[in-house]
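For this one, chain A is given, so just place chain B on it according to the hints.
2 protein chains.
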Amino acid sequence: MDRVKVTKLSGFPEYLPAERIVEQHFLDIIRETFELHGFTSLETRAVEPVERLLGKGGDADKEIYGVTRLAQRPEDRKDSEAELGLHFDLTVPFARFVLENAGKLAFPYRRYQIQKVWRGERPQEGRYREFTQADIDVVDIGELSPHFEAEMPLVIAEVFSKLPIGRMTIQVNNRKIPEGFYRGIGIGTDDVTEVQSTLRIVDKLDKIGPDKVKTLLVEAGRTAEQADQCLALAAIRTEDLSFVEQVRALGVEHPTLDEGLEALSAVIRSGLVNAPGAMVADLKIARGLDYYTGTVYETQLEGYESWGSFCSGGRYDALASDGKTTYPGVGISIGISRLLGLLLSKGLVTASRATPAVVLVAVADEESRRASDAVARSLRARGVACEVAPSAAKFGKQIRYADRRGIPFVWFPGEGDVAHQVKDIRSGDQVDADADTWTPPADDLTPTVVASTPSP
Amino acid sequence: MDRVKVTKLSGFPEYLPAERIVEQHFLDIIRETFELHGFTSLETRAVEPVERLLGKGGDADKEIYGVTRLAQRPEDRKDSEAELGLHFDLTVPFARFVLENAGKLAFPYRRYQIQKVWRGERPQEGRYREFTQADIDVVDIGELSPHFEAEMPLVIAEVFSKLPIGRMTIQVNNRKIPEGFYRGIGIGTDDVTEVQSTLRIVDKLDKIGPDKVKTLLVEAGRTAEQADQCLALAAIRTEDLSFVEQVRALGVEHPTLDEGLEALSAVIRSGLVNAPGAMVADLKIARGLDYYTGTVYETQLEGYESWGSFCSGGRYDALASDGKTTYPGVGISIGISRLLGLLLSKGLVTASRATPAVVLVAVADEESRRASDAVARSLRARGVACEVAPSAAKFGKQIRYADRRGIPFVWFPGEGDVAHQVKDIRSGDQVDADADTWTPPADDLTPTVVASTPSP
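Listed in order, the protein sequences are those of chains A and B.
All residue numbers for the first sequence refer to UniProt numbering, where the first residue is 1 and numbers rise by one.
All residue numbers for the second sequence refer to UniProt numbering, where the first residue is 1 and numbers rise by one.
Hints were generated in silico from the structure; no laboratory data involved.
Note that CB positions come from ideal geometry on N, CA and C, so glycine has one too.
Among the hints, a few may not be true.
When the alpha-carbon atoms are kept at most 27 angstroms apart in a straight line, the in silico DSS-like pairs for lysine-lysine are as follows [unchecked claim]:
hint, chain 1, residue 1, chain 2, residue 2
1, B, K8, B, K346
2, B, K397, A, K104
3, B, K116, B, K104
4, B, K324, A, K397
5, A, K397, A, K162
6, B, K104, A, K346
7, A, K104, B, K116
8, B, K214, A, K8
9, B, K214, B, K204
10, A, K8, B, K324
Far from chain B, by Cβ distances over 10 angstroms, these chain A residues were calculated [stated by the list, open to error]:
hint, residue
11, Q24
12, V47
13, D228
14, E239
15, A364
16, A442
Only chain A is shown next, with the shape it has when bound in the complex:
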């Protein structure tokens, strides 16, 4: 069965044991934090009808992986069977799940979802075809209270504060600010699509710089003065509430702008109280997707701004609708694989060992393996992960076996008058020990994952 060539698939990352321990540590912290905030877990199926996947954005079809039963000829497919594709995000399946189960869910429905998604994009640094996302959303029926827009970034700030990474800054804006501002300077008066197209051009600011943005804006029909005003708005970035004055100083008036400033102030004010230093009001943040209608979020890792956003989201008035009922929501999504791709490739994070085992129980000879098994059983009964040596090799070889995996302790079972002993193979210290009471230092009990100095 295995003579078939072994092929790496570009864009489908897989982790070796020590890297996977880093990933698990990240996923555990994310899950734990989401649950502390009362989000319930959801896992949706990997496939959705292609029709539903296509509904989201005009060019989404480029990214979708279709799924078909190989043994089923196309002509055998019943009309009632939908064409299926792998989900490319967790929002589309979440929206479908809400519509499908609305009668069985309690609203506002707070859910988290940590799953793989698939996109048929050309793989490149930090872009994968299969990757893991961790989303939180709150969705309600009819109306959604604005305080949830302030809550989302606080949860995310707590996640980032617990992860062994550098400083993450959550950049927050409100779509009503640029929309109101643009209208206030005459954009979209005749043609409302001008507002969206202006937003999309300004969204490229980080990638192409202000000069090119201005050129594009003018090409798109804005006046040079309008373009300068748009750029002046996008340049505003403050850690406190002073963005309001700075916007006011541009002299533009519009009721939507007022609403946006008030809403963003509420979010930033909450950040100043609950998570000082984690958020910044950044008025260039737009998010490409049309369905955001209020607060929008992006997140940068200090020193790695060029990698773009690792965590994004926003408020949408209609996450889902069945024609009668509309479900507004707000959500944010952490791009775990992108973040780990950066951290692991740059050597910014490491695991203390490549296995959960903290102890290797040595085996003197195969006849006494049962005694070693008994030691392991005692240790495990008290939550100490361990492994029994695979063979009764010379103790030196058994120690090297532990060393190769980073297992810090080797246990030598005693017999009769000979006491059991445990050796810390890092220090060489070896002491008498009782398998019914001995515990490793708390720092060693499970693998630790720490930020590390990047390799030069």
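Positioned in the frame of chain A, the structure of chain B alone reads:
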């Protein structure tokens, strides 16, 4: 985007919040137990080259979901790009991962893998198209020590002893016993494939009964006497080592039979010492798949034997081979979705609530939401999961909000001289409390998942 019809997909189960909490509890216990035994986590990509997936078994192609980029026309596919399919088990991707990373792995390599798999089968009770499996395997280079065959069912027995389910019995056999026995009575003397075909017919015993098995055996060319002997062997089932005598009493001799009896005795002996009552020597267990060469395992839940095996596996001499090096292994796989499908549909297990939150912090009015947020922050800092009420509705309504989700405590923030209070909404008890020190009873801290009496 959401006017597209919402469609349930048959065979793709999805859980509501309380059911998902049950699933998470099961997955957590499984992971924790695997890690206590020093298994390292592996996650492989969801897709493999179809060629590799097809390599495993003759009729596997019927089950495979092919994966193609929708935007890519077939004629644009480069010859170097392999045709891809979703994995239908975790063994094929594990074997490929071992071959691909042999130089970077430490052997014997102990890995666990908990992931979804996909099969295009016709969905029916307990059979899904997307389902979760939890596998452990130990794989070594060249040779694998037999004690690993005794270890696998011990790990599984520990998992089942920690899950809130009825009594699971791990049925163990060794393929060498029927193989040696069959040869000892003259099956396979002229044509070795007779041994395999006999094994496959006897494997149907539970489904079709001894009479039909005998008919099939005779139709396949066995004598009536041989068929009776095969059935006599298959009828042997003992909790202790007495199966050896019972086999000997059948008066058949063959060196392979001796090897098998010795190997199975070692596994059962280890079970008697380490997990009394968990295992049974059951000589009818065959496992359909050709690649098993030693110990084989199946597992039944008492009272639900007709549901078949929830956990199966065995020893294989060649999990993987690159032509030069062969990797023997032993593994066992828990069918989580099948098990949960039974337990949830029969009401055999329930979660104490539908959310991780143990406390709902009430909100007196929107102006004082900040005070409620502060209480929540204090509770969370000490690991108490909570949620702040979504609106400053009447307290009665806020209590009903908690009740609907099964949140047992509602916190009423104090102010000035008025003390904070916490109410157990199950008993109605309401007491003064301090958000910096109060903790819920240990049993309430996280949702509990317990076996329940089946609904009539």
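Checked hints:
no. : hint             : in the structure
1   : B:K8 to B:K346   : holds, 21 angstroms
2   : B:K397 to A:K104 : holds, 19 angstroms
3   : B:K116 to B:K104 : holds, 25 angstroms
4   : B:K324 to A:K397 : holds, 25 angstroms
5   : A:K397 to A:K162 : violated, 38 angstroms
6   : B:K104 to A:K346 : holds, 19 angstroms
7   : A:K104 to B:K116 : holds, 25 angstroms
8   : B:K214 to A:K8   : violated, 48 angstroms
9   : B:K214 to B:K204 : holds, 11 angstroms
10  : A:K8 to B:K324   : holds, 20 angstroms
11  : Q24              : violated, 6 angstroms
12  : V47              : violated, 7 angstroms
13  : D228             : holds, 35 angstroms
14  : E239             : holds, 20 angstroms
15  : A364             : holds, 14 angstroms
16  : A442             : holds, 16 angstroms
Taken one by one, the earlier hints fail for this structure at numbers 5, 8, 11, 12, listed in ascending order.
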